[in-house]
Amino acid sequence: MSGHSIEEIRAEVAAIVARQAKLDVAAVQDDSTLSDLGLASLDAIEVIFDIEEAFDISFPEQGIDFTTGTVRNLVDAVLPVLDGGGDGQQ
Amino acid sequence: MRVDDSRAVAITGMGAISTFGEGAPALWTALRAGTSGIRPLRHAYADQLRLKIAAQVPESFDPAAHFSGRMLAMLDRTAQFALFAANEAVAQSGLDLARENGVGVVVGTGVGGETTHDEQNRRLYAEQAKRLHPLTIVRIMANAPASLISMAHGLHGPSFVVSSACASTNHAIAQAVMMIRAGIADVMLSGGADACLSFGVLRAWEAMRVLASDDCRPFSRGRRGLVLAEGAGMFVLESLAHARARGADIMGLVAGVGMSADAADIVAPDAAGAASAMRLALVDAGLEPADIDYINAHGTGTPTNDVTETRAIHEVFAEHGRKVAVSSTKSMHGHALGASGALELVAILSAMKEGLVPPTIHLDDPDPACDLNHVANTARAMQVDAALSNAFAFGGLNAVLALRAA
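Taken in order, these protein sequences are the chains called A and B. Per this note's numbering, residue 1 is the first one in the first sequence, and the count goes up by one each step. Per this note's numbering, residue 1 is the first one in the second sequence, and the count goes up by one each step.
To be clear, the hints were calculated from the coordinates, so they are not data collected in a lab. Even glycine gets a Cβ: it sits at the ideal position worked out from N, Cα and C. Be aware that one or more of the hints could be misleading.
Stated by the list, open to error - Just the calculated beta-carbon pair ranges, DEER-fashion:
{"#": "1", "chain 1": "B", "residue 1": "97", "chain 2": "A", "residue 2": "25", "range": "37 to 47 angstroms"}
{"#": "2", "chain 1": "A", "residue 1": "41", "chain 2": "B", "residue 2": "39", "range": "40 to 50 angstroms"}
{"#": "3", "chain 1": "A", "residue 1": "31", "chain 2": "B", "residue 2": "73", "range": "21 to 31 angstroms"}
{"#": "4", "chain 1": "B", "residue 1": "207", "chain 2": "A", "residue 2": "72", "range": "51 to 61 angstroms"}
{"#": "5", "chain 1": "A", "residue 1": "27", "chain 2": "B", "residue 2": "64", "range": "46 to 56 angstroms"}
{"#": "6", "chain 1": "B", "residue 1": "395", "chain 2": "A", "residue 2": "31", "range": "35 to 45 angstroms"}
{"#": "7", "chain 1": "A", "residue 1": "56", "chain 2": "B", "residue 2": "307", "range": "52 to 62 angstroms"}
What the hints assert, rightly or not - Computed from the model, here is a short list of chain A residues facing chain B with C-beta under 10 angstroms:
{"#": "8", "residue": "10"}
{"#": "9", "residue": "42"}
{"#": "10", "residue": "43"}
{"#": "11", "residue": "45"}
{"#": "12", "residue": "49"}
{"#": "13", "residue": "56"}
{"#": "14", "residue": "58"}
{"#": "15", "residue": "61"}
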């Protein structure tokens, strides 16, 4: 298991998104999409990179739409990858 | 001199960054004073390198002072230099690019995003990083300088990068000139940029054994080789009609371009190829050899280049070959590879404007095999109505520009 609680994951993801969007973390709501927060495609891949670095995971190549997905979707995407071994290998 | 402006293209803005710091004026001020920009190498791996000197852009250059965080994230050091120089050139031109149609940008670069490439490889191989930064590709790609300049200035015309090692700038400017002559664009940005002094590339240069350990002394007896540099120069080129119609301050004219390939040795220069490029530039410009007042030589300071270039000059210029003023400003700004032609074009345009030819420094004892009319050690006051800019690259690719005063 990952050793991260869902609250910790949520807080870390929100902090990463806020940093990339240059917003206060309070502005990052669970149902905000990255595009709501002004993050375009290039920003989204940086958010994904930062999340992968933070949790030492690798998201699958396909299957997650990060730009139109919400912050909650991002948190939900981290969980199975963490539970699935979390060694960063695909 | 016969004056035929029908094929000439105006230069109306220039910008540069070099060992002398930010801006074309800083470069020219140093060159006209005969100042060396060669310094002890600043490098994270300096203690492991035999190479001890270089002509690097000084640490005072702060990219964050020039580019937004969002832009900076996309910029390799090469693109930082190209964009800095382009911004300066556009500002000087006085053009409102938002009102121009179909402006393009052609940048010459020898290597591309080497700083990023080297850093990410180090992470991958040495630190065993599992993933690389997601902007690695957009920083490394060789076309990035052209792309980023087009984005920064809203240029929607023909835009790309050309690469021919040390001749990259001159080949790039030739492309821009030909597009303006062909009526494809009225205005083009063009020049060159290189920043490739990574550990890997420096090691590779060491292995070629063409680097000077003391100083860059083109045409001098006992010269040891070239001194690596980095930087960029960018120019605004316009059709003469466009420049005149808006009352632009025309800094000089690209009157002709000459390009050739040695098709011989991959590194050893060939006098016939160099001579051919000079001849073609003169013909394209409608100039006679005797019309040329100044040659800014390729003049790398390697034993082979300088002798071969001298032979090529004599072959093309005949008796005028002993009269035409020659200097290699690489003795001061170093060899900035793909950007060299751009730094040298700043020197030529400034020389034409001020009536002052910058020197080859460290030239107290010229090699008898380099029997030219050297502008040695100090600048020479003389009128320059027409000049050549020589660039002869590794790989035998040659590009010469013929410039005329406006």
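Tested hints:
1. Restraint check, residue 97 (chain B) to residue 25 (chain A): a C-beta distance of roughly 39 angstroms satisfies the suggested window 37 to 47 angstroms.
2. The given range of 40 to 50 angstroms is respected by residue 41 (chain A) and residue 39 (chain B), whose C-beta atoms sit roughly 42 angstroms from each other.
3. A C-beta distance of roughly 27 angstroms is found between residue 31 (chain A) and residue 73 (chain B), which places it inside the suggested range of 21 to 31 angstroms.
4. In this structure the supplied range 51 to 61 angstroms holds for residue 207 (chain B) paired with residue 72 (chain A), their Cβ-Cβ distance being about 55 angstroms.
5. Distance hint for residue 27 (chain A) and residue 64 (chain B): a CB-CB separation of about 25 angstroms, inconsistent with the stated range 46 to 56 angstroms.
6. A hinted range of 35 to 45 angstroms for the beta carbons of residue 395 (chain B) and residue 31 (chain A) is inconsistent with their spacing of about 57 angstroms.
7. A hinted range of 52 to 62 angstroms for the beta carbons of residue 56 (chain A) and residue 307 (chain B) is consistent with their spacing of about 58 angstroms.
8. Using the Cβ-Cβ criterion of 10 angstroms, the hint placing residue 10 (chain A) at the interface with chain B is not satisfied: the shortest such distance is roughly 23 angstroms.
9. Because the closest C-beta pair between residue 42 (chain A) and chain B is about 7 angstroms apart, less than 10 angstroms, the hint holds.
10. Checking residue 43 (chain A) against chain B: minimum C-beta separation of about 8 angstroms stays under 10 angstroms; hint holds.
11. Checking residue 45 (chain A) against chain B by beta carbon gives a least distance of about 4 angstroms; that is within 10 angstroms, so the hint holds.
12. For residue 49 (chain A), the interface hint holds, the least distance from its beta-carbon to any beta-carbon of chain B being 5 angstroms, beneath 10 angstroms.
13. At its closest, the beta carbon of residue 56 (chain A) sits 8 angstroms from a beta carbon of chain B; the interface hint therefore holds under the 10 angstroms criterion.
14. The interface hint given for residue 58 (chain A) holds, since its Cβ lies 7 angstroms from the closest Cβ of chain B, which is under the 10 angstroms cut-off.
15. The closest approach between the C-beta of residue 61 (chain A) and any C-beta of chain B is roughly 12 angstroms, which is over the 10 angstroms cut-off, so the hint fails.
Violation of the numbered hints given earlier is confined to hints 5, 6, 8, 15; the remaining hints are satisfied by the structure.
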